[in-house]
Amino acid sequence: MKNPFLAAIGAAGLSLACGIAPGEARPVSYPGGVTVMQRNTGDFSSLHVHYSPTFRSSVGLYAERNWDEDVQFAGLQANRLLKRWNAPKSQGNLYLKLGAGAADPFGEDGARRAGFVEIAADWETRRWFTSYEVRASDFGGDASVRQWARIGVAPYVGEYGDLHTWAMVQLQHAPEAGEPVTATPLLRFFYGVQLMEVGYTPQTEEFLFNYVIRF
Amino acid sequence: MKRFVMLAALSGALVFANTAFADAAQSADGAEAHDHDNHKHDDHKHGDHKHDDHKHDASPEAEGDAGSKTSSMEAAKGEVVTANVNGLVCDFCAQAVKKVFGKQAAVDAVDVDLSVGVIRVAMKPGQTLDDEVIGKLIRDSGYSLVSIERTPAT
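Chains as they are written, first to last, in the numbering used here: chain A, -3 to 211; chain B, 45 to 198.
Isolated chain A (complex conformation) (with noise of 0.2 Å):
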């Protein structure tokens, strides 16, 4: 998978190897926001701290236990909202997300250059929710390509402040997982400046449990 991901690295316009973690809600805030985003998906579990000084972008740390890669990475994350189509009823978001750092593998010797780079697209409604992403990465010589799509519905839909709930899907493809494939449902909470995501992943047998607060 080096071709991929060096492609991929090409294309952005990058000079160090660069890697993020899937379904990561609105990496970018309001100017002067600070967002924490929690995440373990049972192939990881990551920490993503970030501050936005414009709407359109957000600088921050990143942390991340591999499981799967058998892999930790800890580096600075940029993010970099390109495109934002606002309409009456419905928003659409095109983001870039980079990170660069180390990479330490688990049972060698010495922390290694390593990141990633990442391409992430959202549509929602306030009953519909839709997303995609892609993320090229290399923690320390493993390279990997990795995609998920997400599709949700709101049973039903809230005014600001209260309690919202999602039920969504996500797809993930990981060709060199050992399991490519695999579907977890997932339930979404949103309440105020937090967001909670609760699955499991049949396949695997794993369960997801994601966290936001925004401030």
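Rather than coming from a laboratory, the hints here were simulated on the basis of the structure. Hints are not guaranteed to be accurate.
Stated by the list, open to error - List time: in silico SDA-like cross-link candidates among lysine to any residue, alpha-carbon distance up to 25 Å: (1) B:Lys180 with A:Tyr47; (2) B:Lys180 with A:Thr121; (3) B:Lys121 with B:Asp175.
Knowing the structure of chain A, use the given hints to seat chain B on it.
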């Protein structure tokens, strides 16, 4: 380690649920101050109390993290600007708008109605923001201004 992380995650879930349900319980308690944005008093039950029986603390401080400088539109005495906006689909959107407008010294309160894509900005008495500034603040929040209407101060 993996189990520990999952346990930590589930603990976080419990904290989240506790926060949500605690707030819901507080809202159900008629004696507590509650959010008066987006609804009329006649639209909901208040338990065994009258509005005159308790203080409606709708000051910015009382709203806490729901949005700085957010208070009831009913309490506003200055000009009210109503902006129709595209792209408002979730609470993060509303939070962004409230935070951005809340930083303006002329703004007394901000209310976001996601169902119709409307932002209502109550100005402090004697103060205003012109259309150009309103448009810029909405763009800076990440959304698109469609139109502006103004209700003079009372």
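Evaluation of the provided hints:
Using a Cα cut-off of 25 Å, the hinted pair Lys180 (chain B) and Tyr47 (chain A) holds, with the two alpha carbons roughly 21 Å apart. Between Lys180 (chain B) and Thr121 (chain A) the CA atoms are separated by roughly 24 Å; this keeps the pair inside 25 Å, and the hint holds. Proposed proximity of Lys121 (chain B) and Asp175 (chain B) is supported: the alpha carbons are some 20 Å apart, at most 25 Å.
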